[in-house]
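K.L.:
Sequence:
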Amino acid sequence: MGNEISKKKLINNVQNKSRYSFSLSSHEEKLKRENSEINAVELRQARNAVELRQARD
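Numbering (our numbering), first residue to last: 1 to 57.
If you are wondering where the hints come from, they were derived from the structure by calculation, not from laboratory data.
Hints may contain errors.
Here are the simulated DSS-like pairs of lysine-lysine, each with C-alpha atoms no more than 25 Å apart in a straight line [stated by the list, open to error]:
1) 7 <-> 17
2) 17 <-> 32
3) 30 <-> 17
A quick note: this is a predicted structure, and the numbers were derived from the prediction, not measured.
Work out the full structure, taking the sequences as your base and the hints as a guide.
P.N.:
Pasting the structure below:
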């Protein structure tokens, strides 16, 4: 009986860790995507600033 409870706890722990790991990796992917979008915007702004300076000269 005690062995059956330990087995269920072990299975539950593995499932929880797996869910947590999946949640963490999808959150990490979301952050990477947002960071890429921010970098793209910053790059575009820098290019626009250079073009404005060149247009003034």
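K.L.:
None of the hints should be skipped; say for each whether it holds.
P.N.:
Okay, the hints, checked on the actual structure:
For the hint pairing residue 7 with residue 17, the CA-to-CA distance comes to about 15 Å; that is within 25 Å, so the pair holds. Among the hinted pairs, residue 17 with residue 32 is consistent with the structure: their alpha-carbon atoms are about 22 Å apart, no more than 25 Å. For the given pair, residue 30 sits about 20 Å from residue 17 by alpha-carbon distance, which is consistent with the 25 Å threshold.
Of the numbered hints given earlier, the model fails none.
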